[in-house]
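Colleague: Taking the hints into account, I'd like the entire structure generated from these sequences.
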Amino acid sequence: MIDKLQLEAVITDDLSGKRLDQALAIVFSEHSRSRLQQWIKNGTVLVNDKVLRQRDQVHSGDRISINAELPVESSCDPEEIPLTIIYEDEELIVLNKPAGMVVHPGAGNREHTLLNALLHYDPDLNRLPRAGIVQRLDKDTTGIMVVARTAESHTYLVRQLKCRKIKREYLALVTGVMTAGGEIDQPVGRHPVHRTRMAVVEKGKPAITHYRIIKKYPAHTLIRVQLETGRTHQIRVHMAYIHYPIAGDPVYCGQGKSPRGTSNLICEAVKALRRQALHACSLGLTHRVTGESCCWDAPLPDDFQSLLQLLDNE
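Quick note: the sequence shown, position 288, residue 290 per my numbering, numbers continuous.
Calculated directly from the structure, the hints in this document are not laboratory data. Given the structure is predicted, the values throughout are model-derived calculations rather than measurements. Take the hints with a grain of salt, since some may be wrong.
[Claimed, not checked] Computed cross-link-like contacts, DSS-like style, restricted to lysine-lysine with a CA-CA straight-line distance of at most 27 Å: (1) LYS205 x LYS169; (2) LYS141 x LYS164; (3) LYS273 x LYS141; (4) LYS167 x LYS205; (5) LYS52 x LYS20; (6) LYS164 x LYS205.
Modeller: This is the structure we're talking about:
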């Protein structure tokens with residue numbers, strides 16, 4: 003499906019002399035710079051009824067008209083799947099994703115995803131890229147996510163993520179007893195051999211993870227993690243890289259391995275979790291419309307909470 007889009011504007015004095023793509027980025031800030039540039043290349047942007055190049059200057063009084071097409075999200079169907087909404091308004095939705103839910107449809111996962119659920123909850127999201135989803139959580143990572151409800155908010159949130167202005171914090175239970183918190187600044191990219199995994203690799207993308215100790219146990223440590231970047235599997239890869247993999251992680255912790263000093267009870271409890279003990283617990287951002295600093299928290303899921311109670315009682 004295609005959504006027709008018609009936009010019009012007149013260049014004001016303060017924009018006179020700017021490049022066409024620069025002026026459009028200011029006038030139509032609800033759309034990304036790359037999208038506007040593509041429209042210019044496609045000839046769907048007219049300046050005084052003429053097609054210009056990105057670098058051409060515009061002048062005060064120039065008439066801008068755009069007749070473009072936006073792809074509508076039709077790759078999956080709406081599904082009535084319960085969502086735990088933490089906060090919502092006309093601009094965004096903040097929700098708590100459960101374990102086992104895939105965020106985006108993919109090979110072998112065309113149904114029962116968060117995107118399917120969002121399209122049912124708010125059908126208008128089909129007019130936004132990926133139904134407004136601007137960040138990802140792994141299938142078995144639980145916790146807080148933000149979803150845009152308007153094109154303006156989608157562009158804004160994507161830019162905020164790239165500029166590292168959205169605060170994301172996680173709780174993780176790692177194997178081994180840490181002595182101090184710290185920072186991991188190592189590039190993350192596709193594993194050179196196991197292509198479904200990520201790894202610290204020289205030519206990977208920059209990735210920075212901060213962590214601090216919350217509580218120590220006989221063979222584990224509960225930490226709070228803050229991301230500067232958002233690479234695929236970043237926390238899981240970084241913690242395994244420094245030899246403190248996340249407990250229960252089926253990919254990066256190793257099959258059936260338990261740290262020395264782990265009781266049989268805890269070993270069984272970690273196995274029963276059947277996933278990595280990782281939870282996105284807090285999200286902070288500046289609201290696009292109100293300008294207010296907002297922060298939301300997502301409580302630990304029951305299985306993670308039960309594991310911590312067992313550790314506390316040991």
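Colleague: Mind listing which of the numbered hints don't hold for this structure, in increasing order?
Modeller: none
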